[in-house]
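Asks: Sequence:
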Amino acid sequence: MHQPRTISDKFLLFIKGLAMGAANKVPGVSGGIVAFVVGFYEEFIYSLQKFNVKAIKLIIGGRFRSFYRYVNGPFLSLLILGMLFSYFSVSQLLDYFLERKELYVWSAFFGMIIGSIYFISKDYEHWNRRTVPAGVLGLLIGISISFLSPARENDNLWFIFFCGIISVSGMTLPGLSGSFILILLGNYVLLLVDSVNALYDTLIEVFQGDFSFISNSDRLNTLRILAVFTAGSAAGLVTLSHLLGYVLKHYKHLTTAVIIGFITGSLGVVWPWKRTIFLTGPDGQPLLDSNGDKIISNYERYLPDTGNPENLWALVFIGVGIGILVLLEWYGKNRKRNA
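Per full-length UniProt numbering, the sequence shown starts with residue 1, numbered consecutively.
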């Protein structure tokens, strides 16, 4: 049984959901890292595991209150509410700063991942002949992903469902960025920009009493794509959580070693000094999405010029990112001490 949460606990859980949702949307950053570092990763996986045969029987039997308690509903509701709110607020703010101060944003994320590597590995005392190769394997996989070339956009509904399953990997696997995987699959703009914007516009219109979107075939198709993507995400969350629950239970030290290696390898994805490469058409001109924005293809990394003052500020923001993780660790220790 979980201890009852105070009002401040519930508010903090909502804020954690905001942070996790924002991290999930940014290419190269994993919401799972937020869950792992802030300290609710195991409860998150445990709660998702509760979506099983017993949960289905409770729903079929009309025992909705029992179902809500069984799946740790108070925890998941606040967390998911925070993530959903994030997509229409915090993530929009991140998009704004990524467009205007991209170097500083990536620097802060880079520092946060460095901090998370320290946070996860500092108390890990199980390096041996089995866990070292596992950590190296995770490192190599993380590095390899950062050098993959993206595919083109594909709106086939079966592929969209598959994208949904893959995208939630960032929520369940610390270090694996679901949004970056969507870039590699070619559907980041379609699923995390166009579809979210279509839903936002539709909700605004409905609240205003405008139902003209019903006759807009493009809007309806985008909403259908979003629905299939959401279904795939839900299926991925449940299946991956059961798999991870089993792995963490039976191979916890090996799994942690892989996660440490994988997060370290993922530093290449969020390397601050990079140029954005956009998809181009046959004429060499950048391709645009439905909002008129250039479609990201990949990133070209380079070493910083030490004589550029902007790069000194980038180092400061790396320090800020590390500092955020230090504060989170301090908060976690004090919370346990006062519990």
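Keep in mind that the hints were calculated from the coordinates and are not lab data.
Note that the structure is a prediction, hence the values are computed from the model and not measured.
Each hint should be verified, as a subset may be incorrect.
[Claimed, not checked] Straight-line alpha carbon distances no greater than 35 Å define the calculated DSBU-like cross-link-like pairs of lysine-lysine that follow:
| no. | residue 1 | residue 2 |
| --- | --- | --- |
| 1 | K10 | K54 |
| 2 | K249 | K122 |
| 3 | K274 | K101 |
| 4 | K57 | K122 |
| 5 | K16 | K54 |
| 6 | K122 | K50 |
| 7 | K249 | K16 |
| 8 | K16 | K50 |
| 9 | K101 | K54 |
| 10 | K249 | K101 |
| 11 | K249 | K10 |
| 12 | K249 | K54 |
| 13 | K10 | K101 |
| 14 | K57 | K274 |
| 15 | K101 | K16 |
| 16 | K252 | K16 |
| 17 | K54 | K252 |
| 18 | K122 | K10 |
| 19 | K274 | K16 |
| 20 | K252 | K101 |
| 21 | K50 | K249 |
| 22 | K122 | K101 |
| 23 | K57 | K249 |
| 24 | K252 | K10 |
| 25 | K54 | K274 |
| 26 | K252 | K50 |
| 27 | K50 | K10 |
Asks: Each hint needs a verdict: does it hold in this structure or not?
Replies: Now for the hints, and whether the structure bears them out:
no.: 1; hint: K10 - K54; in the structure: 27 Å, holds
no.: 2; hint: K249 - K122; in the structure: 21 Å, holds
no.: 3; hint: K274 - K101; in the structure: 13 Å, holds
no.: 4; hint: K57 - K122; in the structure: 43 Å, violated
no.: 5; hint: K16 - K54; in the structure: 28 Å, holds
no.: 6; hint: K122 - K50; in the structure: 31 Å, holds
no.: 7; hint: K249 - K16; in the structure: 25 Å, holds
no.: 8; hint: K16 - K50; in the structure: 21 Å, holds
no.: 9; hint: K101 - K54; in the structure: 49 Å, violated
no.: 10; hint: K249 - K101; in the structure: 42 Å, violated
no.: 11; hint: K249 - K10; in the structure: 28 Å, holds
no.: 12; hint: K249 - K54; in the structure: 21 Å, holds
no.: 13; hint: K10 - K101; in the structure: 32 Å, holds
no.: 14; hint: K57 - K274; in the structure: 51 Å, violated
no.: 15; hint: K101 - K16; in the structure: 24 Å, holds
no.: 16; hint: K252 - K16; in the structure: 24 Å, holds
no.: 17; hint: K54 - K252; in the structure: 26 Å, holds
no.: 18; hint: K122 - K10; in the structure: 29 Å, holds
no.: 19; hint: K274 - K16; in the structure: 29 Å, holds
no.: 20; hint: K252 - K101; in the structure: 39 Å, violated
no.: 21; hint: K50 - K249; in the structure: 15 Å, holds
no.: 22; hint: K122 - K101; in the structure: 32 Å, holds
no.: 23; hint: K57 - K249; in the structure: 26 Å, holds
no.: 24; hint: K252 - K10; in the structure: 29 Å, holds
no.: 25; hint: K54 - K274; in the structure: 49 Å, violated
no.: 26; hint: K252 - K50; in the structure: 20 Å, holds
no.: 27; hint: K50 - K10; in the structure: 21 Å, holds
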